[in-house]
Amino acid sequence: MADRTDDRSQTAARLRHLLSTEGEAIYANASTLNNRRAATYAATDTLEDRRATARAIKEDAIERLPELLETVREAVESNGGTVYLADDAADANRYVADVVVDSAAREPADDDTAVDAPSVVKSKSMTTEEIDLNDALEREGITVTETDLGEWVLQIADESPSHIVGPAMHLSRKEIADLLTEAFDPDERFETPEALTRFARDHLGERIREADVGITGANFVVAETGTIALVTNEGNARKCAVTPDTHVAIAGVEKLVPSISDLEPFVDLIAKSATGQSIAQYVTMLTPPTDSPTIDFDADEPIVPDSSDGKETGSARATGTTDRDFHLVLLDNGRMAMREDDQLRETLYCIRCGACSNSCVNFQSVGGHGFGGETYSGGIATGWEAGVHGQESAAEFNDLCTGCSRCVEACPVEIDIPWINTVVRDRHNRGADPAAADFLVDGLTPDAETGGLDLGKRFFGNVGTVARLASATAPVSNWLVGSTPVRAMLEQALGIDRRRDLPTFQRETLVDWFETRGGFAASKTRASEPGARHGDPKESKQRAAAGGPDREAILYPDVYTNFVDVDRGKAAVRTLEALGVPVRVPDLPESGRAPLSQGMVSTADRQASRLYAAVVEDLDAGRDLVVIEPSDLAAFHREYERLLPEASYETLAENSYEICEYVYGLVETGADAAVLQTGAGNEPIAYHSHCQQRTLGLEAPTTALLERCGYDPQTTSAECCGMAGSFGYKREFYEVSVDVGERVADEVGSAETVVASGTSCGDQLETLLERPVPHPIELLAPDD
Amino acid sequence: MTLDTVSRFERALEALEVSFTLTLASDASEAIEAALEPPVVGVPLPFDDVSLPATVETAPTSADLVGAQTGITPVRFAIAASGTVAIESTTAGEEPFSLYPERHVAVVAESDVVPDLGAGFDRLERAFAAGDDSVVFATGRSATADMGGLVHGVHGPGEVHVVLLEDR
Ligand code: SF4
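Quick mapping for you: the protein sequence lines, in order, are chains Z and V. The UniProt record's numbering puts the first residue of the first sequence at 1, with every later residue one more than the last. The UniProt record's numbering puts the first residue of the second sequence at 1, with every later residue one more than the last.
Bound conformation, chain Z alone (with noise of 0.2 Å):
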């Protein structure tokens, strides 16, 4: 246990850390890059369409994959070139290291330097990167120059990309120049952008055009011709492919598409996804080795034939008359292996676009350095770490990731980034040791996990027992739990920061309130007064489905509803009663949500079929299920998918409705929206929606919903609260939570009435704001 404390320290100090070198130039750079792509998105009418028919290629190519590499080798040796499939990073290494030092051998050296290593010219390639080709390279005695100028910074800063697109994102331009300033020591010190790339451009040029071999990665390779799809801005990847007589291409076997038509979604979206451009600057597509001339930059003759008109001279390929050399890598690396696990598969369909990063808040607060492994970063990383370096690398960062899902809508081939690091994160917990204490919550806590699991992963992934016993002994326990010795424990047992507000656990929860105020038959005699309309949001323009008008609705009592906030749970009834609702709150089971997000997907699965026991006599009489945290509703409508079988999933997945967008479609149907608490007009009021809400499209019905009612909802930008459950509560991440949350309560700040669906939400901007923060429910609902 003491390890485990130490190593939250550890991390709460390296993240501290990053939080204030970091975090700057990291968030500026990818908050904008994020507000771009999503403007971009929302201009893009194809964007569903071609997000499908990549996903589609991707999935049929990684299918096909033996067959494909087959077909590459045949491609590109037919055309002149070689194909080596490298097993690992040390067999693609020593590969690469003897065809560069076999090309330089060829090279006539000039008189004066004929001792000049090798050398070689790369553009970005995060493949490379994870294989530590340039060390590798080094070692053999050859010259790398990185020639993409974020790379070329980080190379001369001896620092490792903390961005899979922008590597050098976390760095300003006053610590470039500064670092370019010392390291070539101009005449006048760097000061501009534009000064700098000037300089980069020479510099990098010169070694352009003495390398001896060109490296590129590739975005994508298509398998039938043997093409090399190249995607940049700067354009040096052209250069360092084209202008050396020789050409190593690296990538992993996964870039392999079937044909060049193929490649037509993936050059729409990537720059979408990327940088929010409609297309990059330069799309090369490559067949090498290609017609055009190579160049001696130590020769005086034309480069090209001075008779040359372009159109009549012949292929050099088809002549046989190439000087161009041109290997392709193929790398496996784990990736083979990937392909056939069917959890880590998906990630093999990744475009490496860094759009999950961008997305992330956490990852625009600590950057890749701390939300990243040996090479890769953000969100799915997670899935390539675990895929190419091992589970540990993915351990290091995965609890970074809170499954706040905002990635999913991000990513170009429709990634379930979320579950990714949910399921690695399961494999942690079961592979850790077994023989660490579980004394503390075994008995207590009824989950379905192996042992060994970390203790505070435990108490959050079995938090509704925990709620359950602490209301059942409220006051009394949170009079205990806001004892500092208790406090200590909590943070040395659990993690939990002490300096995190606990919830206030409620003696009367909504179920027995519910219950104590006549249960089900008095709600149907409310819900049938004279003061109360009827509508049916099963007719809504949000959910389009058949239904008598005459719904009955069951309220879910999710934990916090249900034993800490209690308040919004009776706004939730009184509100479907006022609008002719009848309502029942049954005492259901946890949805799952809470394991879910500890990586305990067994407990999770668990709780999946026995809630949907519990509903389904409901479900299948027509009632609705009414959820108000929308954590739960996402576990319905998106984890359950994976825990449910099929038509389960789907009756109810249906079936449930978050709560506003339920009351938008019953005032939609003819319920009258004057019943319930409504604004004076264009009332001004900041709107957060909670992360996972925004991502199953149910921010819009609760904006709706507010306008309709006399109010002037103004939403926030940022992507989440960074409270998001327990992520919030952990001892190592409290204060990337804090600076995460200081951003939503900036934009809301002025605001006189803030609300915000989600408990996680409403809780950190409470503490942040220093007033209350309810849910938009309790600002609707009518007064008793």
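The set of hints was computed from the structure by calculation and includes no laboratory data. Be a bit skeptical, because a hint or two may be false.
Stated by the list, open to error - Covered by chain Z, per the in silico footprint, the following chain V stretches (three or more residues, Cβ under 8 Å):
1. 32-39
2. 85-92
3. 123-130
4. 137-143
5. 148-162
Note that the Cβ used here is the ideal one computed from N, Cα and C, for glycine as well.
Please arrange chain V with the ligand on chain Z, whose structure you already have, making use of the hints.
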């Protein structure tokens, strides 16, 4: 090729800060001349009745290439929606000439301007099928944000000009 496509292309180029001349083939020499900043390296133009000014070096040495201010090349087709030109790599040197000099002048026939990426890919697939299988989609000027601000002309051209040859 509709008027609409040309104006769409024009708007896209404007947004990319790429300058643009629309000219009849018969007046093309003048339009081309005006777009060049010497010294110039170039690839001969395959369009009827249109040729490069005599001052353009079509068989440059490497020193000429490095010293050139402008590179002029024909492009195979253009995509109106994004303002993209499709540069084919041939033995005549389109790739280095469009990449090394500070300024690239791309010459395209009006009939080769296609509306969108989908139509561009149709053209690309046809070119590949015919064996012309190295093509760059170049959109606007070379750019980087890696030095702490957006700068154009890092490894590739910082200025691009498109000459569009009107069909008669
Ligand atoms: S997982 Fe998706 S969003 Fe993230 S880098 Fe890969 S393709 Fe881009």
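Consistency of the hints with the structure:
no.	hint	in the structure
1	32-39	violated (count 0)
2	85-92	holds (count 4)
3	123-130	holds (count 3)
4	137-143	holds (count 7)
5	148-162	holds (count 9)
The structure fails hint 1 only (numbered hints given earlier).
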